[in-house]
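Protein chains: 2
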Amino acid sequence: MSLDPQNEQEHAATLFTRWSETALEDRLMFFRALPPREAGDLFFGLSTHEQAFLIEFLSTSEKRIWLRALAPDDTADVLQSLPVDMRWNLIDLLDDSARFEVAGLLAYEEDEAGGLMNPRFPRIRPDASVREAISYLRKQAHVNLESLYYCYVLDQSQHLLGVISFRDLIIAKETDTVRSRMRTDVVSVNEKMNQVNVAKLMADHDLVAIPVVDETGRMKGIVTHDDIVDVVQEEATEDIHKIGGTEALDVPYMDTPILSLIKKRGGWLAVLFVGEMLTASAMAHYEEEIASAVVLALFIPLIISSGGNSGSQASTLVIRALALEEIRLRDWWKVFKRELVSGLILGTILALIGVIRIIAWENIFHSYGEHYLKLALTVSLSLVGVVLWGTISGSMLPLILSKCKLDPASASAPFVATLVDVSGLVIYFTLAKLILSGTLL
Amino acid sequence: MSLDPQNEQEHAATLFTRWSETALEDRLMFFRALPPREAGDLFFGLSTHEQAFLIEFLSTSEKRIWLRALAPDDTADVLQSLPVDMRWNLIDLLDDSARFEVAGLLAYEEDEAGGLMNPRFPRIRPDASVREAISYLRKQAHVNLESLYYCYVLDQSQHLLGVISFRDLIIAKETDTVRSRMRTDVVSVNEKMNQVNVAKLMADHDLVAIPVVDETGRMKGIVTHDDIVDVVQEEATEDIHKIGGTEALDVPYMDTPILSLIKKRGGWLAVLFVGEMLTASAMAHYEEEIASAVVLALFIPLIISSGGNSGSQASTLVIRALALEEIRLRDWWKVFKRELVSGLILGTILALIGVIRIIAWENIFHSYGEHYLKLALTVSLSLVGVVLWGTISGSMLPLILSKCKLDPASASAPFVATLVDVSGLVIYFTLAKLILSGTLL
Numbered sequence: 000m001s002l003d004p005q006n007e008q009e010h011a012a013t014l015f016t017r018w019s020e021t022a023l024e025d026r027l028m029f030f031r032a033l034p035p036r037e038a039g040d041l042f043f044g045l046s047t048h049e050q051a052f053l054i055e056f057l058s059t060s061e062k063r064i065w066l067r068a069l070a071p072d073d074t075a076d077v078l079q080s081l082p083v084d085m086r087w088n089l090i091d092l093l094d095d096s097a098r099f100e101v102a103g104l105l106a107y108e109e110d111e112a113g114g115l116m117n118p119r120f121p122r123i124r125p126d127a128s129v130r131e132a133i134s135y136l137r138k139q140a141h142v143n144l145e146s147l148y149y150c151y152v153l154d155q156s157q158h159l160l161g162v163i164s165f166r167d168l169i170i171a172k173e174t175d176t177v178r179s180r181m182r183t184d185v186v187s188v189n190e191k192m193n194q195v196n197v198a199k200l201m202a203d204h205d206l207v208a209i210p211v212v213d214e215t216g217r218m219k220g221i222v223t224h225d226d227i228v229d230v231v232q233e234e235a236t237e238d239i240h241k242i243g244g245t246e247a248l249d250v251p252y253m254d255t256p257i258l259s260l261i262k263k264r265g266g267w268l269a270v271l272f273v274g275e276m277l278t279a280s281a282m283a284h285y286e287e288e289i290a291s292a293v294v295l296a297l298f299i300p301l302i303i304s305s306g307g308n309s310g311s312q313a314s315t316l317v318i319r320a321l322a323l324e325e326i327r328l329r330d331w332w333k334v335f336k337r338e339l340v341s342g343l344i345l346g347t348i349l350a351l352i353g354v355i356r357i358i359a360w361e362n363i364f365h366s367y368g369e370h371y372l373k374l375a376l377t378v379s380l381s382l383v384g385v386v387l388w389g390t391i392s393g394s395m396l397p398l399i400l401s402k403c404k405l406d407p408a409s410a411s412a413p414f415v416a417t418l419v420d421v422s423g424l425v426i427y428f429t430l431a432k433l434i435l436s437g438t439l440l
Numbered sequence: 000m001s002l003d004p005q006n007e008q009e010h011a012a013t014l015f016t017r018w019s020e021t022a023l024e025d026r027l028m029f030f031r032a033l034p035p036r037e038a039g040d041l042f043f044g045l046s047t048h049e050q051a052f053l054i055e056f057l058s059t060s061e062k063r064i065w066l067r068a069l070a071p072d073d074t075a076d077v078l079q080s081l082p083v084d085m086r087w088n089l090i091d092l093l094d095d096s097a098r099f100e101v102a103g104l105l106a107y108e109e110d111e112a113g114g115l116m117n118p119r120f121p122r123i124r125p126d127a128s129v130r131e132a133i134s135y136l137r138k139q140a141h142v143n144l145e146s147l148y149y150c151y152v153l154d155q156s157q158h159l160l161g162v163i164s165f166r167d168l169i170i171a172k173e174t175d176t177v178r179s180r181m182r183t184d185v186v187s188v189n190e191k192m193n194q195v196n197v198a199k200l201m202a203d204h205d206l207v208a209i210p211v212v213d214e215t216g217r218m219k220g221i222v223t224h225d226d227i228v229d230v231v232q233e234e235a236t237e238d239i240h241k242i243g244g245t246e247a248l249d250v251p252y253m254d255t256p257i258l259s260l261i262k263k264r265g266g267w268l269a270v271l272f273v274g275e276m277l278t279a280s281a282m283a284h285y286e287e288e289i290a291s292a293v294v295l296a297l298f299i300p301l302i303i304s305s306g307g308n309s310g311s312q313a314s315t316l317v318i319r320a321l322a323l324e325e326i327r328l329r330d331w332w333k334v335f336k337r338e339l340v341s342g343l344i345l346g347t348i349l350a351l352i353g354v355i356r357i358i359a360w361e362n363i364f365h366s367y368g369e370h371y372l373k374l375a376l377t378v379s380l381s382l383v384g385v386v387l388w389g390t391i392s393g394s395m396l397p398l399i400l401s402k403c404k405l406d407p408a409s410a411s412a413p414f415v416a417t418l419v420d421v422s423g424l425v426i427y428f429t430l431a432k433l434i435l436s437g438t439l440l
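In the order they appear, the protein sequences are chains A and B.
The first sequence begins at 0 in numbering that gives the first Met the number 0 and counts up one residue at a time.
The second sequence begins at 0 in numbering that gives the first Met the number 0 and counts up one residue at a time.
In short, the hints are calculated from the structure, not lab data.
Where hints are given, some of them may not hold.
Where chains are identical, the list cannot tell them apart; a pair therefore holds if satisfied intra-copy or between any two copies.
[Unchecked claim] When the alpha-carbon atoms are kept at most 16 angstroms apart in a straight line, the in silico EDC-like pairs for lysine to aspartate or glutamate are as follows:
hint	residue 1	residue 2
1	K199	D229
2	K138	E324
3	K199	E233
4	K138	D184
5	K333	D95
6	K333	D254
7	K199	D225
8	K336	D254
9	K402	E286
10	K62	D249
11	K138	D167
12	K373	E361
Let the hints inform the model, and build the full structure from the sequences given.
Shown next, in the form of structure tokens:
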């Protein structure tokens with residue numbers, strides 16, 4: 000696909016939607032061909048990862064322009080997406096105050112409040128009048144306060160005393176003091192708080208921005224609503240990747256180098272493979288039974304996959320409910336009871352379908368020999384057992400992982416399926432020995 | 000667990016975190032025991048579903064108080080979570096203007112912009128001065144504009160002309176006209192736009208609020224940032240449930256009645272079970288081979304589960320990338336090439352582990368007889384084939400579903416696993432016949 004930079008209709012918006020599929024050299028060409036304002040719209044609309052990708056290939060003078068155009072927290076994010084050896088060269092392109100701010104932000108972990116926050120925010124003294132506050136904001140008009148809606152009231156040592164919204168400033172009398180109009184019951188977060196908790200707190204309180212403070216209550220910056228959507232998406236993506244049995248990719252699928260993609264999948268795949276080898280051992284244990292009644296082998300994939308499927312269902316439901324805090328650890332007994340009932344009923348449904356199938360096939364094709372009713376009994380009881388076991392272990396495993404301070408999302412669908420496969424075989428052959436000994440066995 | 004309403008420390012915050020595990024009668028008792036302000040903090044912090052749950056059991060006069068305290072869009076959401084026959088009784092408890100607004104909102108689908116929006120927003124004429132605008136906002140101070148940051152500039156027939164932020168009002172000269180200071184390049188959405196697209200647009204532009212207009216450009220309301228986080232969470236939850244092989248639950252796991260839980264899981268489980276029955280047919284087709292070489296049966300679970308696992312990985316990665324628009328349909332060929340390479344390498348890794356295992360077990364336990372090398376070859380080639388097939392079908396299936404205007408997330412881990420199980424058996428036994436005929440077969 001090629002874009003024509005001369006075509007006026009190919010403005011930033013179009014380019015934006017086609018960005019991910021545009022070849023790198025074309026991206027550079029079109030980006031450079033845009034008028035400054037449209038280039039800005041495009042650049043600020045890109046994800047951190049895409050911004051970093053572009054910055055990496057711009058000339059030094061372009062790098063300086065675009066890095067300086069970003070807010071310090073966004074600059075820090077871009078730098079964090081780039082190789083470590085490039086970071087310090089790029090930091091040198093910033094002006095003194097931004098360099099100081101960005102270096103401070105880089106000291107935080109990416110997933111803590113400090114790593115998300117913008118260190119620039121409107122601050123005011125408590126004894127200022129509303130008129131003074133407004134005049135201060137007017138003077139700050141050159142600073143990019145576009146996404147800011149609150150003034151933070153700080154004492155001389157930067158301790159957060161209260162907050163006043165721009166709207167309250169408008170509504171208040173000009174002679175009122177800021178102190179008399181500010182809200183003092185401010186929800187704030189510690190600079191070390193994990194981003195997931197910051198996002199939850201902001202969502203629970205419907206906040207547009209939340210102040211970040213250090214241990215002593217000194218204000219360091221603000222986390223704004225737009226960061227929260229990113230955090231929520233990021234966390235959901237991580238959980239989805241893990242549920243699918245892959246290590247979280249961190250970067251978009253298409254931008255993940257193929258070797259890293261293989262590494263993130265190969266690790267789990269190999270672990271699951273080694274775990275699944277236990278099925279070969281279990282099967283070897285029952286080799287004699289299979290040899291004397293090959294018909295038993297026919298139902299092995301059907302039975303173990305039913306356990307895996309019901310286990311995947313249970314584990315993904317519980318993983319998501321834990322992530323949304325709909326379930327807590329101490330609810331495990333309630334979850335257990337629900338899954339016990341669900342597992343029994345779901346297993347019975349599958350067992351009935353299984354019995355119908357065996358009887359029908361026997362009557363039509365004479366597939367299973369004279370003991371087909373006993374076979375049907377074996378298969379259907381195994382289905383109830385395996386599905387019940389699948390739902391119970393699928394639902395309890397995320398809770399156990401969570402109890403052990405591990406990520407519940409690691410109880411992925413493939414992981415649960417593998418676990419249930421081995422035990423499914425044991426359930427099936429144990430029942431077969433009990434029911435079929437003396438006839439088929 | 001019991002809470003003591005007399006204990007001053009059991010304030011709203013504590014109650015809030017314990018809410019979901021508090022029995023219904025206790026919820027009512029504690030809610031009623033709270034001082035009005037704390038009851039408000041608690042109530043407004045609850046999810047729509049929990050608000051509806053509480054409202055349902057309050058007395059009529061309490062219902063009236065709390066429904067009237069909600070913004071019209073939140074009232075509509077609460078009503079939508081309640082049984083249809085209750086809705087109209089509750090609407091009658093509202094005052095005239097709210098009743099009109101809420102009834103209007105209920106006419107929209109829950110997942111379109113109109114169903115999300117708040118019909119109350121500050122509006123101003125373009126020829127007003129900044130001073131007039133500010134004085135208008137002062138008069139509106141009694142209205143709950145807490146989460147509003149913009150004034151919308153409308154003409155007499157409610158067409159949206161522009162927008163001015165509270166901050167711009169503060170910065171502007173009082174004698175300026177609103178028209179001279181407003182932004183006219185306003186991003187707005189149609190009332191029928193799907194909430195997923197609304198959320199994307201707001202996230203891409205970092206908007207705190209987006210105006211909703213009808214076909215003729217008349218403004219109907221605003222969707223605010225707090226709705227977006229809910230939409231993003233909701234969509235991720237739906238995808239996660241589907242990836243786990245369950246119909247999306249719509250309500251939190253713990254609040255889903257057990258019969259509905261079983262229905263949403265049983266449907267897919269039964270479909271997958273019937274699909275998986277093909278494995279029994281496929282196995283029956285190879286009954287003779289199994290009878291003459293039982294050792295072949297030992298590796299069946301191992302081989303088909305490896306295909307299922309690699310397929311789950313590929314499908315969840317592609318489903319999520321599609322949801323985040325990191326991949327588009329036309330990228331299918333790029334995805335195909337990536338997965339081809341990944342599948343080959345991942346399959347080879349598993350094949351090597353498999354070969355080592357067979358050779359080791361043969362040397363230690365003499366498990367597999369004289370033809371163990373040919374067996375190892377069969378197993379390892381099958382693994383490459385099955386894993387390759389798993390990654391290719393797992394990655395292409397979501398794209399095919401999306402092409403057919405179906406939800407790509409329906410290509411769930413269990414669905415892909417089932418699909419790959421059947422073909423995995425065919426691959427395995429075909430290779431076995433080719434390699435082992437004349438020796439084991």
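For each hint, the structure was consulted:
1. K199 to D229: both (13 angstroms within a copy, 11 angstroms between copies)
2. K138 to E324: neither (44 angstroms within a copy, 41 angstroms between copies)
3. K199 to E233: both (14 angstroms within a copy, 14 angstroms between copies)
4. K138 to D184: neither (28 angstroms within a copy, 25 angstroms between copies)
5. K333 to D95: neither (57 angstroms within a copy, 44 angstroms between copies)
6. K333 to D254: between (42 angstroms within a copy, 12 angstroms between copies)
7. K199 to D225: both (14 angstroms within a copy, 11 angstroms between copies)
8. K336 to D254: between (44 angstroms within a copy, 14 angstroms between copies)
9. K402 to E286: neither (39 angstroms within a copy, 46 angstroms between copies)
10. K62 to D249: Neither way: K62 and D249 sit 24 angstroms apart in one copy and 46 angstroms across, limit 16 angstroms.
11. K138 to D167: The answer is between: 12 angstroms across copies meets 16 angstroms, while 19 angstroms in one copy does not.
12. K373 to E361: So K373 and E361 pass the 16 angstroms test inside one copy only (12 angstroms; across, 35 angstroms).
Hint check: violations occur at hints 2, 4, 5, 9, 10; the rest are consistent with the structure.
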